Amino acid sequence: MTIKRLRCKLFIMSLIMTALLFLPCNPQSIYAAGAEAAHGEQAAEGAHGAGHAEYPGEVPFDRPVEEIQQFIAPMNELNIFPCSDCHDESWETNYQRRELAEPHDEVPGAFLNHDTENRWCLDCHSAKKRDQFQLINGKLVGFNEYYRVCEQCHKRVYREWKMGVHGKRTGSWNGEKQWMHCTQCHNPHNPPFQAIKPEPAPRTPLNIRAASSGQETQSSEGTQH
Amino acid sequence: MSDDIKGKDKGLITRRKFLAGLTAGVAATGLAAGDAGAYAFEEFFRQHYKRLDADDLRDILAKLEEELSFKYGKKVRAKATPPMDNTVFGYALDLSRCIGCRRCIYACVKENNLSRDPQIHWIKVLEFQKGNNKWQGLEHSNRYYEPEQVPQKGRFYVPVQCQQCKKPPCVKVCPVQATWQEPDGIVVVDYNWCIGCRFCMAACPYGARNFNWGKPNIPNEEFNPEIHYLGNRPQYKGVVGKCTFCIQRSREGRYTACVEACPVGARKFGNLMDPNSEIRYILENMKVFRLKEEIDTNPKFFYFFSMGTGIKS
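So the sequences go chain by chain: A and B. Counting along the first sequence from 1, when you hit position 61 you're at 61 in this note's numbering, and nothing is skipped either side. Basically this note's numbering = 1-based index in the second sequence + 225.
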């Protein structure tokens, strides 16, 4: 009995030993060199490659007017700026509410979606200084301070935005953040969010088998390891 | 008496069979080492994460980097960043803003190297109908909605992911302590220690844990090379994974991937211990609730309403 057991143990031991002998014969040495090179590159590149260094720290409201275009660029609202290129100060201002002609003919349709009954271009845009906004109290502010125009009515949202509750922030939760401005998300002439197409739904349990035997296998073959 | 002897014999045979099986297994490990590397052998006998000392951990991370760099053709940086002092992470989600676009799900999949082919989603966006007798509980939801555009009229959306409970039932039931709560409040899983019994999945009231039924399948070009040992490293077949508040990001001071992906800014993340953080402002000033508060899991994932709806539907 004991001899049998001893034999058995010896057999196991020998098997383990042979297994261990096999161990060094693996392709580790082949890719060790590659990994070393990778470490070198890593040191050169730094910790985080892609950062969003656009608006570090505080909101840069003191940006020059020319730069404002890039903030609002996604909505193509300011593709004709400065306004004073066309609107000369000597023009007589027509305060009458009316359908606008080209090139502002596309604005009214969208404009109708922001308290249309009560508001009109010249409630925000200054009639005299065309490159500026006009607050309710008559004070003029630059295009880079549009948030002060929004704030007049949307006081609560403005306060929440300053606290970081309203609106999107990216970057660091304990350090530098990137803020989204009012007009980066909301079209000032049509502020509500528009419906968007959702990303694909997760696979239902019923479809898992069909999906993995169909076209999905093709993509998985590419990543076989 | 003879029965006893028979029983003994039986026992002996089974033990022998067991030993033979064991030797075959060891031999197989040795042979498999040809393509899987010595790493697999070490991996099999690796200690629990909490019992690893600094040297072990460094060696393991270096090996992990090497292995994954080879596998995915990218230089991988593996870390095991410890929790920060005086930090407990909290999360808030504005239900009045969420439009159910599922951008967060796919950002999470990409960031956390989740399996694409046996599909795994750590975030689930549930769709509910507004109105009487339609909203009765999480069970009356639809995960598989697929309209042309969201938000749909008469619907609202509740994204659910790991709630990072203060009293996590999943941790309580784990028979091998492969999952535990870190000092910063994140519940993590040691994928090497997990035995795949799925008790935690049964215990979780939020359905937040996901089992890897198959070998995770991640396209090389989409592999995220910034990995954390307790977070987004590729999991194994037969282990459980869960949301870790993007431990590889949050412990370095960055927002989680879902926060950065949300197009409407409904997701908020921060340090509950910092009185000036946005998460604390929400808790102190907004209408906040938590899912299934009555079962006393004490989640650190809050839902709030900042307004009526405001979204045109």
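Since the hints were derived computationally from the structure, they do not count as laboratory data. Quick caveat: nothing in here was measured; it's all calculated off a predicted structure. Cβ coordinates follow ideal geometry from the N, Cα and C atoms, glycine included. Treat the hints with caution; some may be incorrect.
With a Cα cut of at most 27 Å, we get these calculated DSSO-like pairs of lysine-lysine [what the hints assert, rightly or not]: (1) B:288 <-> B:275; (2) B:392 <-> A:197; (3) A:197 <-> B:355; (4) B:304 <-> B:288; (5) A:155 <-> B:275; (6) B:304 <-> A:197; (7) B:512 <-> A:177; (8) B:288 <-> B:392; (9) B:335 <-> A:177; (10) B:349 <-> B:392; (11) A:139 <-> A:128.
Distance ranges between label pairs, derived from CB positions [claimed, not checked]: (12) B:406 <-> A:113: 23 to 33 Å; (13) B:357 <-> A:205: 45 to 55 Å; (14) B:447 <-> A:205: 17 to 27 Å; (15) A:153 <-> B:359: 28 to 38 Å; (16) A:115 <-> B:501: 27 to 37 Å; (17) B:447 <-> A:88: 49 to 59 Å; (18) B:273 <-> A:205: 25 to 35 Å; (19) B:508 <-> A:104: 25 to 35 Å.
Listed next, the stretches of chain B that the computed footprint assigns to chain A, with coverage defined by at least 3 CB atoms under 8 Å from CB atoms of chain A [as the list claims (entries may be wrong)]: (20) 378 to 391; (21) 413 to 421; (22) 512 to 526.
Here is how each hint holds up against the structure:
At roughly 18 Å between alpha-carbon atoms, residue 288 of chain B and residue 275 of chain B fall within 27 Å of each other, so this suggested pair holds. A C-alpha spacing of about 38 Å is found between residue 392 of chain B and residue 197 of chain A, which places the hinted pair above 27 Å, so the restraint is violated. A C-alpha spacing of about 21 Å is found between residue 197 of chain A and residue 355 of chain B, which places the hinted pair at or below 27 Å, so the restraint holds. At most 27 Å may separate the alpha-carbon atoms for a hinted pair to count; residue 304 of chain B and residue 288 of chain B meet this at roughly 12 Å.
About 50 Å separates the Cα atoms of residue 155 of chain A and residue 275 of chain B, which puts this hinted pair outside 27 Å; it is violated. Between residue 304 of chain B and residue 197 of chain A the CA atoms are separated by roughly 36 Å; this puts the pair beyond 27 Å, and the hint is violated. With a C-alpha separation of about 25 Å, the suggested pairing of residue 512 of chain B with residue 177 of chain A holds against the 27 Å cut-off. A C-alpha spacing of about 34 Å is found between residue 288 of chain B and residue 392 of chain B, which places the hinted pair above 27 Å, so the restraint is violated.
Distance restraint check for residue 335 of chain B and residue 177 of chain A: the Cα-Cα separation of roughly 22 Å lies within the 27 Å cut-off, and the hinted pair is therefore satisfied. This hinted pair checks out: residue 349 of chain B and residue 392 of chain B have alpha carbons roughly 22 Å apart, not beyond 27 Å. Note on residue 139 of chain A and residue 128 of chain A: the hinted pairing holds, with a Cα-Cα distance of about 12 Å set against a maximum of 27 Å. For the pair residue 406 of chain B and residue 113 of chain A, the beta carbons lie near 48 Å from each other, so the given range of 23 to 33 Å is not met.
Between residue 357 of chain B and residue 205 of chain A the Cβ separation comes to about 30 Å, which falls outside the hinted range of 45 to 55 Å. Hint check: residue 447 of chain B to residue 205 of chain A, Cβ distance near 24 Å, so the stated range 17 to 27 Å holds. Our hint of 28 to 38 Å for residue 153 of chain A and residue 359 of chain B holds, since their Cβ atoms are close to 34 Å apart. Between residue 115 of chain A and residue 501 of chain B the Cβ separation comes to about 34 Å, which falls inside the hinted range of 27 to 37 Å.
In this structure the supplied range 49 to 59 Å holds for residue 447 of chain B paired with residue 88 of chain A, their Cβ-Cβ distance being about 54 Å. For residue 273 of chain B and residue 205 of chain A, the Cβ-Cβ distance of about 33 Å falls inside the hinted range of 25 to 35 Å, so the restraint holds. Here the CB-CB span from residue 508 of chain B to residue 104 of chain A is close to 45 Å, at odds with the stated 25 to 35 Å. For the region 378 to 391 of chain B, the assignment as covered by chain A is violated, since 0 residues bring a beta-carbon within under 8 Å of that chain's beta-carbons and 3 are needed.
Counting residues of the region 413 to 421 of chain B whose beta carbon lies closer than 8 Å to any beta carbon of chain A gives 0, which falls short of the minimum of three for the stated coverage. Remark: the region 512 to 526 of chain B is not confirmed as covered by chain A, as 0 of its residues place a Cβ nearer than 8 Å to a Cβ of that chain, below the required three.
The structure does not agree with the numbered hints 2, 5, 6, 8, 12, 13, 19, 20, 21 and 22 stated previously, though it agrees with the rest.
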